[in-house]
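Visitor: Start from chain U and add chain C according to the hints.
The primary structure of each chain is shown beneath.
2 protein chains.
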Amino acid sequence: MTVLNDYLVNGQRQLISPLDRGFSYGDGVFRTFAICLGHDKLAHIWSINYQKLVADCNVLGIVCPSATILFDDISQLLAVDELSVIKIIITRGEGARGYTPPAVAVPNRVVIKSAMPSFPSQNLTEGVTLRVCDIFLPYQSKLAGIKHLNKLENVLARMELQNSQIADGILLDANGYVIECTSSNIFIRIANTLITPDLSHCGVAGVTRQRIIALSPSLNLAIKVQKIMLDELMQADEVLICNSLIGVWQVTKLQNKTWKMQNTASQLKTLLEA
Amino acid sequence: MTVLNDYLVNGQRQLISPLDRGFSYGDGVFRTFAICLGHDKLAHIWSINYQKLVADCNVLGIVCPSATILFDDISQLLAVDELSVIKIIITRGEGARGYTPPAVAVPNRVVIKSAMPSFPSQNLTEGVTLRVCDIFLPYQSKLAGIKHLNKLENVLARMELQNSQIADGILLDANGYVIECTSSNIFIRIANTLITPDLSHCGVAGVTRQRIIALSPSLNLAIKVQKIMLDELMQADEVLICNSLIGVWQVTKLQNKTWKMQNTASQLKTLLEA
Chain U
1 MTVLNDYLVN GQRQLISPLD RGFSYGDGVF RTFAICLGHD KLAHIWSINY QKLVADCNVL
61 GIVCPSATIL FDDISQLLAV DELSVIKIII TRGEGARGYT PPAVAVPNRV VIKSAMPSFP
121 SQNLTEGVTL RVCDIFLPYQ SKLAGIKHLN KLENVLARME LQNSQIADGI LLDANGYVIE
181 CTSSNIFIRI ANTLITPDLS HCGVAGVTRQ RIIALSPSLN LAIKVQKIML DELMQADEVL
241 ICNSLIGVWQ VTKLQNKTWK MQNTASQLKT LLEA
Chain C
1 MTVLNDYLVN GQRQLISPLD RGFSYGDGVF RTFAICLGHD KLAHIWSINY QKLVADCNVL
61 GIVCPSATIL FDDISQLLAV DELSVIKIII TRGEGARGYT PPAVAVPNRV VIKSAMPSFP
121 SQNLTEGVTL RVCDIFLPYQ SKLAGIKHLN KLENVLARME LQNSQIADGI LLDANGYVIE
181 CTSSNIFIRI ANTLITPDLS HCGVAGVTRQ RIIALSPSLN LAIKVQKIML DELMQADEVL
241 ICNSLIGVWQ VTKLQNKTWK MQNTASQLKT LLEA
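From first to last, the protein sequence lines stand for chains U and C. Heads up: the first sequence is residues 1 to 274, going by this note's numbering. Heads up: the second sequence is residues 1 to 274, going by this note's numbering.
You may find that some hints are simply not true.
[Unchecked claim] Beta-carbon label-pair distances, calculated as ranges:
1. Asp72/U with Met229/C: 52 to 58 angstroms
2. Val225/U with Arg13/C: 38 to 44 angstroms
3. Gln210/C with Asn58/U: 21 to 27 angstroms
4. Asn256/C with Trp259/U: 57 to 63 angstroms
5. Val225/C with Val225/U: 38 to 44 angstroms
Source of the hints: derived by calculation from the structure; they are not laboratory data. Each residue gets a CB set at the ideal place from its N, CA and C atoms; glycine is no exception.
So that you can see chain U by itself, here it is in the shape it has in the complex (with noise of 0.2 angstroms):
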């Protein structure tokens, strides 16, 4: 994977001052898809995006940027037909020391410009083996879905992960229920039946789980939102992960239990680039 970044600071090549309370605080959320100019689906990505970065900037009181500013940023990052990757941080703004937010912010905003990752093929045609991380999520039903700048749970969880072979880490909540993977959702089928994590206490929301709960009916599969035990999820059919970036993988291994491949990652996989 590519280490060059191109970046822009409220829309210059500068830096970012270490007042901002994104660094001193985590104060702000973030972003991260694929995007390509020249697409005839740019206009369903970008919309789906900013409307969930605006709701999680509104959680935490901050007012976004306008869509065609961002898109503007955009716009200078990226060639016509270039697919990369896009990330986008809003924060607060500057502020004085201490944790109060000033009276009056001004919120910065970063857009990141990185090469689109090469993912394994197998992952696709041979799913992936995941493992289930020792580090929980706590509960905070005032942050919970949001993809807020505290991070380092995933950081810890990431940590742990040092076997290549391993695509992802799943997280639980401290009552032991399945919550997401370190950088992706989880969906578990039980039959013509798929289930998702209740993500009201802890997680992040993801835009293409959301995405995937919207298209499921297609494919005939009743969509069920709710809390999700480790022993289900060794139990069900089928397990699946997914993020705007892998699409979405059928998990094959983790612990001692594997399942066969089946076929519903790559019909959802279908329908998302639909």
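Guide: Frame of chain U, contents of chain C only:
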């Protein structure tokens, strides 16, 4: 309070990269303390703060820059005999997109000087009012006690305290135990015992808290570190909050309860400054 700040990033008057993992994920730690180069307690204050910084870095697997390098940064920013607030931020350094830390991370260090705030003198003579925050601190034993950059709970808690009559807000954990205030640690006195909350599941174990634990025998007070329910706090003989900037303040009002001014806070303050 002044908003003027002077800062050094890795020893230079420069800004920070938006690829810094402190900015992306809150992947770092910090310290805030008052310091005066001409003061005879300088070596002691610096030593206990640097030790805590190293200990907190160790929890995240970050190699803390040497005491010499950091003290040189501080010396560049301060005039002799100038009492200022120094904030040190250590991050894991820059990284590519994704939660996995780089194989070789080069930590970034930021040292920020700001003016010593002037607190109302009545806080010492008449005590302060607290309130109990709605937001609770989640359990996360892998991060408990350390002062990391994931501080959204403290930010949201501070946003609840719109009333300037409130000196700080008490943060409870999800089970209703008293943990700390947004910017200070808390002690209660019951007869001749000082009790401060057990911080093994959440909260920040501040340096001033640690110093008070060590100093309490000088006041013939026994010391206990244990779980404290809010009811126990309300019935305590005395409630105190502390940090390295305020020293120690007695709490004289919380909800419908008032306490008469007593002398433990001023005695502890004298010992801390001795």
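Visitor: Hint by hint, say whether it matches the structure.
Guide: Hints versus structure:
no.	hint	result
1	Asp72/U with Met229/C: 52 to 58 angstroms	holds (54 angstroms)
2	Val225/U with Arg13/C: 38 to 44 angstroms	violated (50 angstroms)
3	Gln210/C with Asn58/U: 21 to 27 angstroms	violated (39 angstroms)
4	Asn256/C with Trp259/U: 57 to 63 angstroms	holds (59 angstroms)
5	Val225/C with Val225/U: 38 to 44 angstroms	holds (41 angstroms)
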